[in-house]
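Listed below, chain by chain, are the residues.
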Amino acid sequence: MNKTLYDKLWDDHEVINFDNDESLIYIDRHFLHEVTSPQAFEGLKQKSLKPWRIKSNVATPDHNVPTVRGNKFDTASIEDEISKIQVIELEKNCSEFDIHFHDINSNKQGIVHVIGPENGYTLPGMSIVCGDSHTSTHGAFATLAMGIGTSEVEHVLATQCLRIKKLRNLGIKLIGLPDPSITSKDVILYIIRTLGTDIGNGHAIEFFGDYIKSISMEARMTICNMSIEAGAKVGLIAYDSVTEKYLEERMSISNKDLQNALDYWETLKSDDGASYDDLIEIDISNLKPQISWGTSPEMTTDFDSSVPIIDSADPKNVTYKKAIDYMGLQEGQPISSLSFDKVFIGSCTNSRIEDLRLVAGIVDGKKLSPNIKEALVVPGSGMVKLQAQSEGLDKIFENAGFQWRDPGCSMCLGMNPDRLSPEERCASTSNRNFEGRQGTRGRTHLVSPLLAAKIAIHGSVPN
Amino acid sequence: MNKNYQHVIEGISAEIAIDNIDTDQIIPTEYLKSIKKYGFGDFLFDGWRYKDEGNIQKDTSQREQNEDFILNIDPYKKSKILVVGKNFGCGSSREHAVWALRDFGIECIIAESFGDIFYNNCFKNGILPIQISQDKKNHVSEHIKENKNLRVDLTNQSIQLESSEIQFEIEESLKERIILGQDDIDITLGYANQIKQFESNRFVSKPWLK
Ligand code: SF4
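Chains as they are written, first to last, in my numbering: chain C, 351 to 813; chain V, 60 to 269.
Just chain C, same shape as in the assembly (with noise of 0.2 Å):
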């Protein structure tokens, strides 16, 4: 039979196919964060449980830890007391459990979904786990990685395997060439504003075609990363020499398993003629820099557009009017016309070294806007921040205005300091722009980092 990427994963890793269509999944990797692990360690104390494979997990503080640490910052200066219990209880587990764990002031610290594949701990072929639903990011490297609950990570830890259902194949072809200042966020909004965020509900999605052949592992990344936007715990792109080439220099594999491993992973692709359960094509020609202007990312639209105007037959008229009223924005207005407040730069979506050097691009020799009273640039870990410093990235940042900070997960979400005041408008490279996702009340329109770059430097979006 011909099988499509997702079905030879699932096959690879299924230790039982029970009879009611669940099947227990053995899973190679665990990566663990401070805010969905405690809850579950817990859980494994009480049972007087022990990781099943300590050595599949690796762990790091993200979601919590502040982004500016200077020199001398440990775990106690943490301001935030809760922020430091999670921290400190996520310490003590690894250390209990001798699970291997990055520090705040390691160089490895960072995103997890940006230090895997930095560090080769996301490799072809290998199923991957996190209590984080951007787990998705490392189906780039045509892995079976999904995002997890907590239940799920003590479950995974107590057995090395999940009990799931297999999902449904979803395929996406992308049709020609996008001009090459279009970047791949702004293909993935475009992908979502056209689907919606529930298209891939109960699905794997599978993004193929030549522009997929064409970009970066970075750029695959930020596309597998937002599949969960498009409803789909799995994101998946077929190992291809691009693959291969970014793996070179960060796995860690002896020469005498090297060529059967490299043999495996040239087998990471869908067969020709794989039938999926839905095939979908979009045509990516003639696309524009996208920007979100509500409150879910499927709300985007062309940077040159405007807000919709709203037809109160649409059964989305009630969902529609809220976000409008929620973001402080009339039906039809012009995006051009909406000034911004905050900049922010970074997440599992857009922090990575490529995307800091397309924002330094823009903004070398140029001035923040003065009505941005804040722009962030995040590195999404310590090594991508050491590789922007040694490039001299981190001063063209700071001369333009910016702030260049330590890595986390910032201002994605408002669980640190980096937060939004009520009705600040920010343009952000994350990925969700939920009600209060980046602060009570804060307004968030998800851009590339490029269009960021230039709405930091202009304070609205330019034509």
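No lab work stands behind these hints: they were computed from the structure.
Since the model is a prediction, treat every value here as computed from it, not as a measurement.
Each statement offered as a hint is correct.
Dumping the calculated SDA-like pairs for lysine to any residue here, alpha-carbon to alpha-carbon at most 20 Å:
(1) C/Lys-400 with V/Gly-249
(2) V/Lys-95 with C/Glu-446
(3) C/Lys-515 with V/Ile-244
(4) C/Lys-563 with C/Asp-633
(5) V/Lys-96 with C/Glu-439
(6) C/Lys-516 with V/Gln-190
(7) V/Lys-195 with C/Pro-665
(8) V/Lys-265 with C/Glu-598
(9) C/Lys-405 with C/Asp-453
(10) C/Lys-397 with V/Lys-96
(11) V/Lys-265 with C/Trp-615
Go by the hints and put chain V with the ligand onto chain C.
Same frame as chain C, but now just chain V with the ligand:
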């Protein structure tokens, strides 16, 4: 499964007729800082329920309530069943969203569709998520406008309205887990030998994963 197991959820039902209610709405990130598994009920739908900004240390009884929000209104303060639109629980994997619903007293959620991770999380915490078509959901909405009460019979997979019944689909394995309240870890550890065997084969064929 043994037909003698009865599982009925009956009580006040509230409708929030909005699509794509995400986990940040169900429980804002601020409250994820707790390392406990209980005590989230007061923060359910925090941004809609209160007018002021809250935090985990603030006493919710001192906060300014939004009197218009359905879960602040009698008798909906005691809702057991929630009726919502499509894609409920989309967004993050935070199980805190389910814990908040559970701690508030919600035992069943009726929606046109759910976010996948949220749907799974419900079963781990004894909450029954029911997915039905838009048409069927409209019937339920009509019914609760008049009656406020709803009766859901999981054993027979039906929602009972005045003069009719609405059937719903649910996977047998998940149904069983709610009814029997089984612990997944215990069940899986029953297969420990198969897992060990699988693991050792895997490390022979793919030693780089060790
Ligand atoms: S950067 Fe944002 S989306 Fe990514 S893991 Fe952190 S909080 Fe989640």
